[in-house]
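Participant: Below are the chains, spelled out letter by letter.
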Amino acid sequence: METQHKILVLDDDADWLALSREMFAELPSKPEIRTVSTGARALALLETEPFRLLICDLKMPRMDGLQVLSIVRRRFPELRTIVLSGLEDEEFRSRAYALGVDLFWLKMDMQRNTKMFLECLESLLGRDVDGGFRGIQSKSLMDIIQMECLSRSSTVLRITRGPLVAKLWIQDGELTDAEVEGARGEAAFRRILSWKSGTFENLPAEPGRERTITKPVNALLLESAQAMDETENPSTEPESIEDTSHRKTIWKLAMLTREGADFVVAVPPEGRGEPEALGTQSTEQLSAWTRHAAAIAKKLGEKIEAGPLSHVAGHNLEKQLFVLPLGEKSFLVGWPPNAAAGQLFDQSKKLVASWDS
Amino acid sequence: MGFLKKISRFFSSRAAIRQLPFGSLTVDRNGDVVTSTVSSTYPKELLHEIGRDVLALFREAREAQMPLAEVSIHFASLRVTARELRGGAIIFLFPQTGLSPMPT
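Protein chains in written order, with this note's numbering: chain E, 1 to 357; chain H, 1 to 104.
If you're looking for bench data, these hints aren't it; they were derived computationally from the structure.
Please note: incorrect hints may appear among the correct ones.
What the hints assert, rightly or not - Under the rule of at most 27 Å between Cα atoms (straight-line distance), these lysine-lysine pairs were calculated in the DSS-like manner:
| id | chain 1 | residue 1 | chain 2 | residue 2 |
| --- | --- | --- | --- | --- |
| 1 | H | LYS44 | E | LYS303 |
| 2 | E | LYS6 | H | LYS44 |
| 3 | E | LYS167 | E | LYS215 |
| 4 | E | LYS319 | E | LYS298 |
| 5 | E | LYS298 | E | LYS167 |
| 6 | E | LYS6 | E | LYS115 |
| 7 | H | LYS44 | E | LYS299 |
| 8 | E | LYS167 | E | LYS252 |
| 9 | E | LYS107 | E | LYS167 |
Said to hold, decoys possible - Which bits of chain H does chain E cover? Going by a derived footprint, with three or more residues having C-beta under 8 Å, they are:
| id | stretch |
| --- | --- |
| 10 | 22-36 |
| 11 | 40-52 |
| 12 | 76-85 |
On a predicted model such as this, the values are computed, not experimentally measured, just so you know.
Built from N, CA and C at the ideal position, the CB exists for glycine as well.
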């Protein structure tokens with residue numbers, strides 16, 4: 001017997017909830033639809049019943065959608081999440097994706113493209129697991145690009161990897177441009193392909209975009225695959241390993257200089273390798289503080305139930321510091337005291353996200 | 001099962017949600033709370049924990065030869081900002097919402 005999945009819809013608008021209930025009940029897999037109007041109710045319900053999917057609004061009184069999602073990610077990591085919001089702001093989209101949501105849709109777009117939205121929803125419910133396709137997130141970037149090109153489509157593929165955002169322009173099945181971290185063209189395309197994970201999103205095509213890539217996409221994919229293969233299985237000649245390491249250091253130094261940071265210290269968990277630092281001699285002292293600061297802050301967050309740690313910031317007259325956890329590692333990024341504070345967190349996130357990629 | 005039974009089961013099984021702290025407090029060099037504008041319903045032990053951990057961050061930074069004047073800990077739903085104050089600290093607690101400005 002096929003399992004009937006359950007969807008929880010959270011929105012403070014009663015009319016929207018009624019509409020959602022009616023619309024989602026029409027999905028081919030006939031899921032059970034539950035609706036709630038507050039974040040607290042949603043969390044209480046998730047504690048007591050197993051749900052497959054949470055569809056969440058962002059702007060709500062008391063506990064807003066981002067707060068709910070940060071708690072949901074921690075307590076129910078298996079739950080799939082969709083943000084359905086009326087807030088047309090890229091900042092909220094980025095923050096939602098940073099919280100690990102599967103999809104972000106604007107209510108206006110959803111009303112215009114209801115069929116596509118329902119297909120995405122059905123795919124997220126996992127109805128197609130037997131067929132081997134479980135939504136766009138389960139495919140590699142190479143697969144996605146090949147599919148877009150083979151179907152001769154025109155689209156802009158927006159790829160998000162933490163704070164890093166890349167775009168690929170595809171016109172009539174041909175890759176015409178790529179952009180990431182200030183780079184464009186083939187160099188940017190190779191950089192994007194080296195990302196091992198991320199979130200993909202199709203945006204409307206931009207036919208007027210200037211073409212910077214003229215090579216056929218298959219040739220580029222082949223070259224990139226060969227390059228990645230060589231990196232993963234380095235030849236036994238010691239020179240090539242040194243070359244790779246040297247290239248990485250140059251890339252990191254270039255990043256550090258471009259962003260204007262003083263130093264970066266990458267700190268693995270205790271007993272799991274040596275800290276790596278660029279721009280400072282005090283690696284030992286700084287890595288010890290970074291490790292302690294991250295541990296203290298993470299523990300405090302758990303005790304006071306304030307959600308996952310984003311970062312720790314500190315400053316004195318000589319420098320501004322950011323401690324950012326990323327996977328098992330913690331990073332310390334130091335900035336000069338006169339650097340514009342408003343952008344430093346985003347710049348630190350970019351530096352850290354690029355560090356091991 | 002009757003409707004009322006279903007309703008009472010639903011409400012009795014609701015998970016307790018603790019309000020996030022909002023306000024400011026000062027702590028002495030031992031981490032003891034001296035003054036506080038945080039709601040009295042918020043557990044005192046947790047305020048004490050916040051004070052102690054913030055002082056530990058300042059102390060360890062000093063030991064690492066980079067004394068800090070201010071530290072901010074940013075969680076998904078709360079920002080804790082602390083300024084050192086004669087060995088103790090003044091701490092500000094700001095719950096974060098989706099509409100709060102981006103952290104700096």
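Participant: All the hints need checking, so say for each whether the structure fits it.
Facilitator: Do the hints match the structure? See the list:
1. A hinted pair counts as satisfied when its Cα atoms are at most 27 Å apart, and LYS44/H with LYS303/E qualifies at roughly 13 Å.
2. Between LYS6/E and LYS44/H the alpha-carbon distance is near 40 Å, which puts this suggested pair outside the 27 Å criterion.
3. A hinted pair counts as satisfied when its Cα atoms are at most 27 Å apart, and LYS167/E with LYS215/E qualifies at roughly 17 Å.
4. Note on LYS319/E and LYS298/E: the hinted pairing holds, with a Cα-Cα distance of about 23 Å set against a maximum of 27 Å.
5. Taking the CA atoms of LYS298/E and LYS167/E, the gap is near 33 Å; set against the 27 Å cutoff, the hint is violated.
6. Proximity of LYS6/E to LYS115/E is assessed by CA-CA distance (about 20 Å); at most 27 Å being required, the pair is judged to hold.
7. A C-alpha spacing of about 17 Å is found between LYS44/H and LYS299/E, which places the hinted pair at or below 27 Å, so the restraint holds.
8. Simply put, LYS167/E and LYS252/E have alpha-carbon atoms about 22 Å apart, close enough for the 27 Å limit, and the pair holds.
9. The suggested pairing of LYS107/E with LYS167/E holds, with an alpha-carbon distance near 23 Å, which does not exceed 27 Å.
10. Judged by the Cβ-Cβ criterion of 8 Å, the stretch 22-36 of chain H is not covered by chain E as claimed, because only 0 of its residues qualify and three are needed.
11. Given a C-beta distance limit of less than 8 Å, the hint that chain E covers the stretch 40-52 of chain H holds, as 3 residues qualify and 3 suffice.
12. Closer than 8 Å: that is the beta-carbon criterion, and the stretch 76-85 of chain H has 4 residues meeting it against chain E, so the requirement of 3 holds.
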